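Chains as they are written, first to last, in the working numbering: chain A, 1 to 506; chain B, 1 to 395; chain C, 1 to 460; chain D, 1 to 236.
The hints are simulated quantities; they were obtained by calculation from the structure and are not laboratory data.
None of the values given here were measured: they were computed from a predicted structure.
Fair warning: there could be bad hints in the mix.
[Unchecked claim] With a straight-line Cα cutoff of 25 Å, these simulated DMTMM-like cross-link-like pairs (lysine to aspartate or glutamate) come out:
#	chain 1	residue 1	chain 2	residue 2
1	B	Lys-255	C	Asp-441
2	A	Lys-400	C	Asp-363
3	B	Lys-255	C	Glu-454
4	B	Lys-255	C	Asp-444
5	B	Lys-255	C	Asp-451
6	B	Lys-255	C	Asp-422
7	A	Lys-400	C	Asp-298
8	A	Lys-400	C	Asp-103
9	B	Lys-255	B	Asp-223
10	B	Lys-266	D	Asp-85
11	B	Lys-8	B	Asp-277
12	A	Lys-400	C	Glu-76
13	B	Lys-266	D	Glu-220
14	A	Lys-366	B	Glu-382
15	B	Lys-133	A	Asp-501
16	A	Lys-400	A	Asp-356
17	B	Lys-266	C	Glu-447
18	A	Lys-400	A	Asp-358
19	B	Lys-255	C	Asp-389
20	C	Lys-324	C	Glu-314
21	A	Lys-400	C	Asp-343
22	B	Lys-255	C	Asp-185
23	A	Lys-400	C	Asp-353
24	A	Lys-400	A	Glu-332
25	B	Lys-255	C	Glu-447
26	B	Lys-255	B	Glu-196
27	A	Lys-366	A	Glu-413
28	A	Lys-400	C	Asp-354
29	A	Lys-400	A	Asp-388
[What the hints assert, rightly or not] Simulated restraints, written as ranges between beta carbons of each label pair:
#	chain 1	residue 1	chain 2	residue 2	range
30	A	Glu-296	C	Asp-191	21 to 31 Å
31	A	Asp-179	C	Asp-389	21 to 31 Å
32	B	Val-131	C	Thr-217	40 to 50 Å
33	D	Phe-108	B	Glu-269	28 to 38 Å
34	B	Gly-262	C	Glu-454	19 to 29 Å
35	C	Phe-391	D	Phe-108	36 to 46 Å
36	B	Pro-224	C	His-245	20 to 30 Å
37	A	Asp-73	B	Leu-9	55 to 65 Å
38	A	Val-380	C	Thr-217	51 to 61 Å
39	C	Ser-282	B	Gly-22	49 to 59 Å
40	A	Val-380	C	Pro-90	33 to 43 Å
Cβ atoms here follow ideal geometry from the backbone N, Cα and C, with glycine treated the same way.
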Amino acid sequence: MSTALEAFFAGRVHEGGRALRRTTLRHTHLTDSPFGIVVWRLGGERFRAAAVAWGPIGGQFQLAVAGEPRNRDLYFAALTPFAADLCAAVRGAAAHRVARQRGSRTDLPVNALQLVVANRSTVGALGLLGRYLAYLSDRGGVAPDPHLLEAGKHLRFYTRHARVPGQALIVPLDRLLADHWATLLSPLEQANLAVLDAQIEPPRGVHAFDASTRAEREAHIGPEPTEDIDRLTTELVQTFNRRRAGSVDRRTVAPLVAPIVEHYRRLVEPVWDLMARTFAREQALPAAPSVTRRFEVDREAFGQHVDWIAGGGRYRTIDTPRQAAMTLRRLEEAQSRYEAERAIEDPACMVPFLLDGDAIRGTVEKVHDNHRTVARVRIVQRALLTLDTDHPVVLPVGKKLWWTATAHDAPWEVVSVSPQGDGSRVVLMLTTAPRAGRLPTAGARITLSTLRTRSDGFPLPLAPTPPWTHQPATTPPAPEPIDAGDAEAPLPAVDGSAVADPEAYR
Amino acid sequence: MARQKKSKLTTAQNEVLAVVRGRARTTRPNVRRLAAFANVHTCPTAAVAFAAGVDTNRVFTSSRFEMPFGQSPFAIGRGIAFEQLLRQHGHAELRRVLTDGLGVDFSIAPIENLREGYQPNRIGLTMRASVTKNRMREIITGPPRPIILDGAVLLAEVGGLRAFFEADEMAIGVGGAIIVGENKSWPIVDGRPADEDALGSALDQAATYALLGRYTLDAIGVDPDHVSGEVVIVTPRNTGLTPVLHRQRVDGRIKRIERLLGSVPKVAEIANDIPADLTFDTVADETAPEDARLESFASITERLGKTYDPGSCLTSCGLAWACRQCAFSAGDPAVAGEVVARALPGVVTLGRVAELSHGAPPSPAEAPAAGPIARAGRLYGEAVPVATPSRRRSA
Amino acid sequence: MTRTPVAPSPFDDAVLAAADTVQQEIRRDLLDRIGREAAVVAAAPAGAGKSHFVADTIGMLRGKGHRVAVVAPTNEQVHSLVERITDLHPGLPVAFVHAQGRDLSPTIAARPGVSQPSARDARDHRESLVAATVDKLADAHLRDGLGDFDVLVIDEAYQADAARYYTAAAVAPTHLLVGDSGQLDPFSTLDDPTFWRGGSEDPLQTAVGVLLRNHPTTALHRLPITRRLDQRAVPVARSFYPGHHFDAAVVDGARELRLDRPGPGTRGFATVDRALDEAAASGWAHVTLPGGSVLTADPATADLILHLVTRLLERGARSRYEEKKDFHPVRPAAIAIGVSHNDQKDLLRALLDDAGLNGIAVDTANRLQGLTYEVIVAWHPLAGAAVTDAFHLDPGRLCVLLTRHQQACIVVGRDSDRALLDGVPPATPGYLGWDPDPVLDGWDAHESVFDLLEPHRVIA
Amino acid sequence: MASTTSGPLDRPARQKKKAARSTERTQDVVPLRPTKRGSGSARQTVTAALSEIGVPARTRVVADYCEARFGEEIDTRALSALRRDERRAWASSSWRPTYVVPALEGRFFQPIRGLIALSDWPIERRLIGPWSERADHLAATLQLARQLSWLSDRDAAVAERLASIVASMARSIPGAIDGTSVEPSRIANAAQSELGELAPHDGPWRQEAAARARQQLSQEEQLWGTTVMVLGAEEQ
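Isolated chain A, as found in the complex (with noise of 0.2 Å):
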């Protein structure tokens, strides 16, 4: 990130009123049928959802609200539903396959469900209910019913493959507008979906920054609710309670639940809209090219994990040291290729490595195709390259660069560097030999840059088996139910205004 250029960006929002765009073209593939997810917690509670909304983004949502989500029945009962239709969206999504052209030998699965949510702390949420349905006990000999195991398992799934870069499988919309919008709004303030879509399109004659203070005011985004939400959550809950006394029947529920249902639907709606309108004003944008490839990789990794489910496997709660060695050399791969797609296909997004001095832009003076030099011991034909740049560079000779137009190929090496003009004059050569595709034509106008997207060999899997230095001196716990504490009573609600000091429990 070149500090430079988000100076640039905050002085011009500063003076337009409005937020920029960073990019021309959208990086995330969006489907034409995402699954829209909403989760509002009971305060503090991080496995508790108080009300889950679901349905297709732009169309009309579901809500399960279980009224008291502290009782394991109420809760499941609420639940299933929501359950039940996200595993026959995932095992509908992975139906139709096509034979893989190339690598590996499952084959690819045609579509992949994409979950849609407002922020990143959602996908944190989600991350924490699917640990906790995943594994659910069949306490008193009364199994959960299987949708909600499955759907821990898929919710699971989607919150780990949500730290690869560049992936499409769920998108938190905080992030996609923060990636594709420049604003006023520090990292923190970013956080909240209806600030940023307040800085990005602000009422008529009103600055992003006035639109957006009074956004972070009066829009509530969720998962976790504020004091003012809970006051009322709690009056709600403890009439339903009382009401209820005890009961979890469901034709005894149903209409005490109805209040605490339209709350949450209060709650719910704002969000579902703004989601559907930021989604579409980013799908709107033409993609890059390179989403698809991206998106290629998300729909590996979703028909693996439909398989792998399907075949009744269960997933570690804890990596393997194996895993985690692959995970992280698979995830430092996918960066450092979706940074370099970025930037090589979207001219917006090369500024920064442009100001920053990873990347050259000039003129070609000439390429002479047919330089004798010495690799090692042989004679071999190499190609210059005389560049002349719009602005002086600082290069050591040697340095390697990579010409846009063949960023999975060679790169060319830094022979000199001289002031011409306003710029320098560089000579590069083609550390390869010189075949059509690789040279630019004098007169064009490219750039080079540090970025590539081909990485050197391909790692092999690791051996299944650790080694002993590997073997930890205690076998890590297999995966076990967290839901243990699920039985016990829910717990009284007390109100800052009654205690000393309530920040003490935070």
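The hints should help you fit chains B, C and D onto chain A, whose structure is shown.
Same frame as chain A, but now just chains B, C and D:
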């Protein structure tokens, strides 16, 4: 160990501070306020408010600058319930978790419960503090048997004034050491906290108690290192409230807290050179118009100076929204965050940044920052010829 | 000024003896464990003579007929290992298995016994001493089944991460891990590499870290000596190795840096000359430019550094050593410039090349790890910064920059750098099962180094 | 803080806020400054003005510039009050933003009355030697002339107000003013050429004095000057 000497305030000084507070609601320093202050300790306005005991979280009550720092009743209820769970049936759970976690048998250890039987005021706190000190002394004088202090009270000199800090628990006599414990009601799942920052601040709190414990021992001529540099955090495991204990070394954090206590401005000094007639009275006046309150606040920050850094202020200071408003009004680059502010040595306002990006001639002072910005402007112009227009909603 | 006559023995015999004892223990423990899945860790401060010890130990192991694989993270490090081994044991067969384009320098390659076979050939000929990078050995093991050694020796084991160690570890049951705990930890390009932090599976913990975590009873020895640094450099170095005592092998005055032509020269060079004189006299100089925050690749700082090295050569710097008792000129190849960022490196490289000083090395701390020079010019990580952050506070980075030199180290920064450490460090997150805190530890290390350098301050 | 790009919000912050107060602008626009001009906004305005001038300047010039450029009346007496507050703020905390500080004379490094600078400038720029005051005047005139020509086709009103200041500053510069017409380019050239003659003297002097200052003075003294009492000079 250097220990600040506490000093009483003169009547005059107290009057000055009373003027500064005006109608503003007040607060006493405690471990969390101290931690919050650490995040804004370079801000002169925050320093004055802290010294004068102004409750910054409530200065802007019932205005659009009041920040939602409150917590859900469910969250607070959970916290209280967890504390109770640890104490019920003669602290059975606390004993169990300490015994399991520290490998010392606390099942029959005496428990000094300092939360009950003392007046909820400074007299009570003073008594609790002296009991705490005596029990701690026993680590060398008394028999080598484990004791648990529930609600130990430790003395601190904050800004040269005496303050009381209440530790969750203190396990004395663990292999000849004293171990400080902090309870949190958020869960640990698969050996990981849901939030590393929450764990970080919990460890900072425990580190504060450990440091104050060392001060206490030092003051009574006992080797301060009897207070272990290792602390314990007690949290629920998974769903529900079943407690589990985690040990962690916090030597680095203890050093940090020592620095912090050392850098809290002396209340007396602040009282002495505070500009006369400077007061939070109007700012805290809920009957006054919002803009008047903001304006009064603005003039305070103008006279004292302020540092607005969204990264730390928005999470730690109740004045942050008002500060942000002032910063924006002044076109202060700080609104956009530290990265931007850092990129602009010699350039004072965002308005000027925009001008420089349009090619305004920079002054010698602006030149270093101006070059890259102007170039950014050119490059962005090439890349994004016309700013992508998007449908505007009408207000 | 250390113009003291050379002591009869330039070495501190007590220190040497202490170090020798520890080395004997390490070898004994290692031999005891051969044939079993067990390891010995040798933690060393900067410049403890690890490579020499490794080469020596390998000779011992080969003498007893054990098959050995020796690895290090980077090719440069392995190259110098091969050089050391052949220095100490001329003719001893060493097979350097390398990736394409990473061959040994012709002179080393030509030495008797040295070969550079493919992984497959190394396997087929059952080479009994194979040297490679950690990654290459892992690749050769997975791809071509190279392995079945008696002992795996890892140099710079604190820079090798657990992920790389995973495969390399499988080539032999018994391991000797030698490393420098003060240098930079393994790093990742990920935005948030802390996902596994605190867990025993963390792929980013060091090879030593994962070993000790899973096998806490592993024998751990600390070498109490530094051979590269002399007594004047030791106090600074100690701030990076809390709880690890060590002393300089050479006595005071055993080394000397002399500038033949006197400064100060022209007015423009006044500061530079004062800095050089201070460095020559005391082994340290901390040159500071006017305070203020500047770009990372600040041209003024780069110019000053350029002037320092050009002037150092102009003034005919000569040095004297414990080994080579008479003065010899300091050649460009014996000078290096250490930086924190690649754009600083690029800027300086370009300036030096223009000035015809291609012989002088410029590199980032990560790449300078394990290397030795006579004189180092270090671009202070905090130079001209506006705020501190984890990257620039990392004690490992500062440690590498300030412990590469045998004669003198010149640190270049700004007046305002020290003030960055006024006030209170930022609040930091916590990780269960992971005690160190780079920010807080770095804060302290930086502060103590600033204090130790203060007497050598030269205001530019 | 002017600019010409279109849109209702592109006017300078202060003007925008005036607009917000006067005309019936939507309620969402919060006044961009406290409505009364306290010592408060003086601080921001003076800092902004100085950074645009870029060299130490007489309070009078700064005040005039503030008025011309930002439409802010600055009472020069308020400036000394401001300086007291500034120094208190500096002493009272580890707060280290940009302060308005006095320029220092180069022998005893005492503050010079009525000549102000910014604390984040390198000290050599804040020191005043035999040639410095003239050099600074030329540099300021040069910069304001450039500023003028850039503004003239962007914000006529401001440009007009600025022109008179530039003119009065340029009077003392030979060949800068031809009769009555204010030609920024002509003024710039004149200032530039005289500056060219002074630089070889002023530059080295400043370097040398700065070196001395940084050897001898504490951080505080480097900003606020020494308090040694010498006849004729007094602490302000």
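Lys-255(B) and Glu-196(B) were given as a pair; does the straight-line alpha-carbon distance stay at or below 25 Å? holds (20 Å)
Is the hinted pair Lys-400(A) and Asp-354(C) satisfied, with a Cα-Cα distance of at most 25 Å? holds (19 Å)
Would you mind confirming whether the straight-line C-alpha gap from Lys-255(B) to Asp-223(B) stays at or under 25 Å? holds (17 Å)
Keeping to a limit of 25 Å between CA atoms, is the pair of Lys-266(B) and Glu-447(C) held or broken? holds (24 Å)
Would the hint linking Lys-400(A) and Asp-358(A) be met if the CA-CA limit is 25 Å? holds (11 Å)
Would you mind confirming whether the straight-line C-alpha gap from Lys-255(B) to Asp-422(C) stays at or under 25 Å? Distance of about 14 Å is within 25 Å: holds.
Starting from the range 49 to 59 Å, see whether the pair Ser-282(C) and Gly-22(B) falls in it by beta-carbon distance. For Gly-22(B) against Ser-282(C), whose Cβ atoms are near 58 Å apart, the range 49 to 59 Å holds.
Is Lys-400(A) within 25 Å of Asp-363(C), Cα to Cα? holds (16 Å)
Range first: 20 to 30 Å. Now tell me if the beta carbons of Pro-224(B) and His-245(C) are that far apart. holds (23 Å)
Does Asp-353(C) sit within 25 Å of Lys-400(A), going by the straight-line distance between their CA atoms? OK: Lys-400(A) and Asp-353(C) at ~16 Å, within 25 Å.
Are Lys-400(A) and Asp-298(C) close enough, with their CA atoms no more than 25 Å apart? holds (23 Å)
Has the given pair, Lys-366(A) with Glu-382(B), been kept, meaning a C-alpha gap of at most 25 Å? Status holds; Cα separation ~24 Å.
Figure legend: structure checked against the earlier numbered hints; every hint is met.
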